[in-house]
Amino acid sequence: MDGLSNILIDPAAPHNFKGISCKYFYINHLMYADNLLVMGESTRGNAIQLNSCLQLFASLSGLQINTNKSAIIFSNNDPGNQWICEELGIHNVNQHLTYLGIPISLKRLKATHFQPLLSRISALLVGWKNKFLSFAGSVQFLKFTITNSIAYWIRGSIIPKGCCATINKLCSKFLFHNNMVERKLHLIS
Numbered sequence: 074m075d076g077l078s079n080i081l082i083d084p085a086a087p088h089n090f091k092g093i094s095c096k097y098f099y100i101n102h103l104m105y106a107d108n109l110l111v112m113g114e115s116t117r118g119n120a121i122q123l124n125s126c127l128q129l130f131a132s133l134s135g136l137q138i139n140t141n142k143s144a145i146i147f148s149n150n151d152p153g154n155q156w157i158c159e160e161l162g163i164h165n166v167n168q169h170l171t172y173l174g175i176p177i178s179l180k181r182l183k184a185t186h187f188q189p190l191l192s193r194i195s196a197l198l199v200g201w202k203n204k205f206l207s208f209a210g211s212v213q214f215l216k217f218t219i220t221n222s223i224a225y226w227i228r229g230s231i232i233p234k235g236c237c238a239t240i241n242k243l244c245s246k247f248l249f250h251n252n253m254v255e256r257k258l259h260l261i262s
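Following the working numbering, the numbering of the sequence shown begins with 74 at its first residue and continues without gaps.
It should be emphasised that the hints constitute simulated quantities derived from the structure, not laboratory data.
Predicted model only: the values in this text are computed from it and were never measured.
Restraint-style ranges between C-beta atoms, simulated for each label pair:
id	residue 1	residue 2	range
1	N139	G235	30 to 38 Å
2	S125	Q188	37 to 45 Å
3	G200	A238	16 to 24 Å
4	N149	K96	17 to 25 Å
5	S115	T218	37 to 45 Å
6	W156	G200	46 to 54 Å
7	K183	A131	34 to 42 Å
8	H164	A238	32 to 40 Å
9	A144	V199	27 to 35 Å
10	N165	S245	38 to 46 Å
11	K96	Q168	24 to 32 Å
12	S245	E114	42 to 50 Å
13	F98	F147	19 to 27 Å
Cβ coordinates follow ideal geometry from the N, Cα and C atoms, glycine included.
Using the sequences plus the hints, can you model the full thing?
Take a look at the structure:
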């Protein structure tokens with residue numbers, strides 16, 4: 074994968090893919106293990122350059138892009154975008170795409186995009202509700218397990234307030250009532 078990274082960033086190459094820039098900052102891809110996120114101008118020439126970079130990498134390494142797992146998201150609704158999708162053989166995603174389990178969108182993410190996070194937290198809490206944990210054990214569980222799950226998502230996106238409120242409600246039910254379904258009366262001092 075480092076070879077593909079070098080192909081994409083080589084400015085002297087005839088297959089130079091143009092990324093995006095802002096003042097002194099230039100980027101055309103992010104890579105994590107075998108996952109690649111490519112960013113650039115949505116022009117026909119740039120699509121041809123990207124395709125030649127991918128074909129060069131395939132000829133040198135024998136590795137090819139999996140078009141079934143790949144997606145393109147555009148910032149504008151341009152008729153030329155369909156041509157770019159056909160050139161690369163990758164389908165267009167209008168709303169959002171998922172990268173490393175985190176939703177990515179050009180628009181504001183909605184609470185429905187965070188349903189996998191809420192489902193995961195609910196599953197973790199339900200799995201531990203039958204265990205006989207002390208109050209301190211429950212606090213430790215919430216502190217180290219649930220907050221780490223949330224922290225992973227926070228690094229990649231802004232979690233809506235409604236989702237944060239739902240997470241707080243789930244954690245409170247787990248901590249104080251040890252029951253995720255039934256409603257309990259609040260104690261008054």
